[in-house]
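Asks: Once you have looked at the hints, place chain D on chain L.
So the protein lines, in turn, are chains L and D. Under our numbering, the first sequence has 110 at position 110, and the numbering climbs by one with no breaks. Under our numbering, the second sequence has 45 at position 45, and the numbering climbs by one with no breaks.
No lab work stands behind these hints, which were simulated from the structure alone. Quick caveat, the model's predicted, so the values are computed rather than measured. Certain hints may be false.
What the hints assert, rightly or not - With a straight-line cut-off of 35 Å between C-alpha atoms, the simulated DSBU-like cross-links for lysine-lysine are:
id : chain 1 : residue 1 : chain 2 : residue 2
1  : L       : Lys-116   : D       : Lys-100
2  : L       : Lys-5     : D       : Lys-100
3  : D       : Lys-5     : L       : Lys-101
4  : L       : Lys-115   : D       : Lys-116
5  : D       : Lys-116   : L       : Lys-116
6  : D       : Lys-116   : L       : Lys-101
7  : L       : Lys-100   : D       : Lys-166
8  : L       : Lys-100   : D       : Lys-100
9  : L       : Lys-5     : L       : Lys-166
10 : L       : Lys-116   : D       : Lys-115
11 : L       : Lys-115   : D       : Lys-115
12 : D       : Lys-101   : L       : Lys-101
13 : D       : Lys-100   : L       : Lys-101
14 : D       : Lys-100   : L       : Lys-115
15 : D       : Lys-166   : L       : Lys-116
16 : D       : Lys-101   : L       : Lys-100
17 : D       : Lys-5     : L       : Lys-100
18 : L       : Lys-100   : D       : Lys-116
19 : L       : Lys-115   : D       : Lys-101
20 : L       : Lys-115   : L       : Lys-101
21 : L       : Lys-166   : L       : Lys-101
22 : L       : Lys-5     : D       : Lys-101
23 : L       : Lys-101   : D       : Lys-115
24 : D       : Lys-5     : D       : Lys-115
25 : D       : Lys-116   : D       : Lys-166
Chain by chain, the residues run as shown.
2 protein chains.
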Amino acid sequence: MTNTKPLTILIDMDGVLCDYTGAHLREVAIRYPHLTQYIEDARLSWRSEERFPAEYRDDIEAIALEEGFFEHLEPIEGALDAVRALANDGHDVRICTAPKKIHTYCVPEKYNWVKKHLGQEFVEKMIMTRDKTLTQGDLLIDDKPEITGAGIPRWEHIVFDQPYNKDVPNRRIDWGTYREVLGL
Amino acid sequence: MTNTKPLTILIDMDGVLCDYTGAHLREVAIRYPHLTQYIEDARLSWRSEERFPAEYRDDIEAIALEEGFFEHLEPIEGALDAVRALANDGHDVRICTAPKKIHTYCVPEKYNWVKKHLGQEFVEKMIMTRDKTLTQGDLLIDDKPEITGAGIPRWEHIVFDQPYNKDVPNRRIDWGTYREVLGL
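For reference, chain L alone in the conformation it holds in the complex (with noise of 0.2 Å):
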C-alpha cells in the first residue's frame, strides 16, 4: 500500500456495490411499458418511485420486495476490483447496508450476493444496519444524499456520484476517481 494508514472503510451496497436503480427501472419499464417516459426523469430521485404517477408509486416499490431482486442485481463496474484492491492495500473494508423493512427476500439476498460476488471473507465483514450513524469507521461512501441516525457519525460521508446526489457538497467518487479523491 501507500503510506497512508489503514483505514475503515465501510462501503454501502445499492447504487455503489449494486446497480438498484438500473435493475429496478428496467423493471418498471417492461411491466409498465406505458410509464416509460417518467423512467429517465425517475433517474434524477433518491425515491424513483415518487416520479412515477401516484396511483403506480405502492407497486413499483414493491417490486424491490419480491423474491431474487436483490440476489440478481448486476455488481457496478469497477466496484469488484475496488473492494478487493482496498482490502488488498490493508485497508479494513466493511459492507455496511441497510435492510428493506421487510426484510424476507433482502436480508438473505443482500449476503448471497456478497458471498457470490465477493466471497466469504466479505461475508464475515457485512454490517447490516438500518442506523449507519451507529456503525463506526473512517469513512463511509455511499450513495445516499443525507446519512442521519441516532448516533453521532464517527466517520466522514464519501458520497459515491449518482444522477440523485449531484447537490451534495461532500466529497465525491466513483471507482474511477476514488484512488486520486481519497489520496489512496
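Replies: Then chain D, alone, in the frame of chain L:
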C-alpha cells in the same frame, strides 16, 4: 422513565434473548444419548462443543447451522418483557447480533425470530455484525466472555450472567436484576 438519561443499549441475541445453549445441548442429548455424561460440563464452556470427545465436535457444532435451529429458539425468561420495558422507558434498544460464518439459515432466521417475538419495530433496530466493537452504544449486554474486534468500543460491556462467563469481572445482569444493577 426514571431520571436517568436515555441510553443506547445494544442487546445480544444468543444467550441473552434466546436460549441457544439449552436448545443446542437438548439436541445433542437426543442425537447422541451416549454423550449425556458430558452435557452438564458443556454448559460451563462458551464453546460447549469443546467439552465433547474430539470426534463429535464438528457434528455437534454443525447442529446450529441447520435449518430451523435459530428460528425455534426459546426466549430466555424475562428477556422480551425487559426489551419492551427498556424501549418504553425511552431507551434506544438495538438488537446487536453476530451471525455464524455460514449465514444461510442463521441470518434470515434471526430476523424472523425478532419479528415473531418482538415485532417489526425491533426488526428495524437490528444490527447484524460479527464485529460489535464497530457498533456505537452506551451499553452492550452480551454473554460472550470477551468481545474483541477491529474497533475501539464506545460501549460498556455488561455481562449477561451465564455459567460460562462467571470469571468475567464486568458488571453483570440477568433479566431479574438489570434495573438495579444498571440504575435504571
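Asks: So, for every hint listed, does it hold in this structure?
Replies: Evaluation of the provided hints:
1. L:Lys-116 / D:Lys-100: holds, 17 Å
2. L:Lys-5 / D:Lys-100: Holds: L:Lys-5 and D:Lys-100 sit about 30 Å apart, inside 35 Å.
3. D:Lys-5 / L:Lys-101: holds, 28 Å
4. L:Lys-115 / D:Lys-116: holds, 27 Å
5. D:Lys-116 / L:Lys-116: holds, 29 Å
6. D:Lys-116 / L:Lys-101: Within the cut-off at roughly 15 Å; holds.
7. L:Lys-100 / D:Lys-166: violated, 39 Å
8. L:Lys-100 / D:Lys-100: Cα-Cα ~22 Å, so holds.
9. L:Lys-5 / L:Lys-166: holds, 29 Å
10. L:Lys-116 / D:Lys-115: Answer holds: L:Lys-116 to D:Lys-115 is near 27 Å, not above 35 Å.
11. L:Lys-115 / D:Lys-115: The hint holds at about 25 Å.
12. D:Lys-101 / L:Lys-101: Holds, at roughly 24 Å.
13. D:Lys-100 / L:Lys-101: Within the cut-off at roughly 22 Å; holds.
14. D:Lys-100 / L:Lys-115: holds, 14 Å
15. D:Lys-166 / L:Lys-116: violated, 41 Å
16. D:Lys-101 / L:Lys-100: holds, 22 Å
17. D:Lys-5 / L:Lys-100: Holds - the C-alpha atoms of L:Lys-100 and D:Lys-5 are around 30 Å apart, at most 35 Å.
18. L:Lys-100 / D:Lys-116: holds, 17 Å
19. L:Lys-115 / D:Lys-101: The hint holds at about 11 Å.
20. L:Lys-115 / L:Lys-101: holds, 22 Å
21. L:Lys-166 / L:Lys-101: Since the Cα atoms of L:Lys-166 and L:Lys-101 sit roughly 26 Å apart, the hinted pair holds (cutoff 35 Å).
22. L:Lys-5 / D:Lys-101: holds, 28 Å
23. L:Lys-101 / D:Lys-115: Distance of about 11 Å is within 35 Å: holds.
24. D:Lys-5 / D:Lys-115: Between D:Lys-5 and D:Lys-115 the Cα gap is close to 28 Å, so the pair holds against 35 Å.
25. D:Lys-116 / D:Lys-166: Within the cut-off at roughly 31 Å; holds.
The earlier numbered hints that this structure contradicts are 7, 15.
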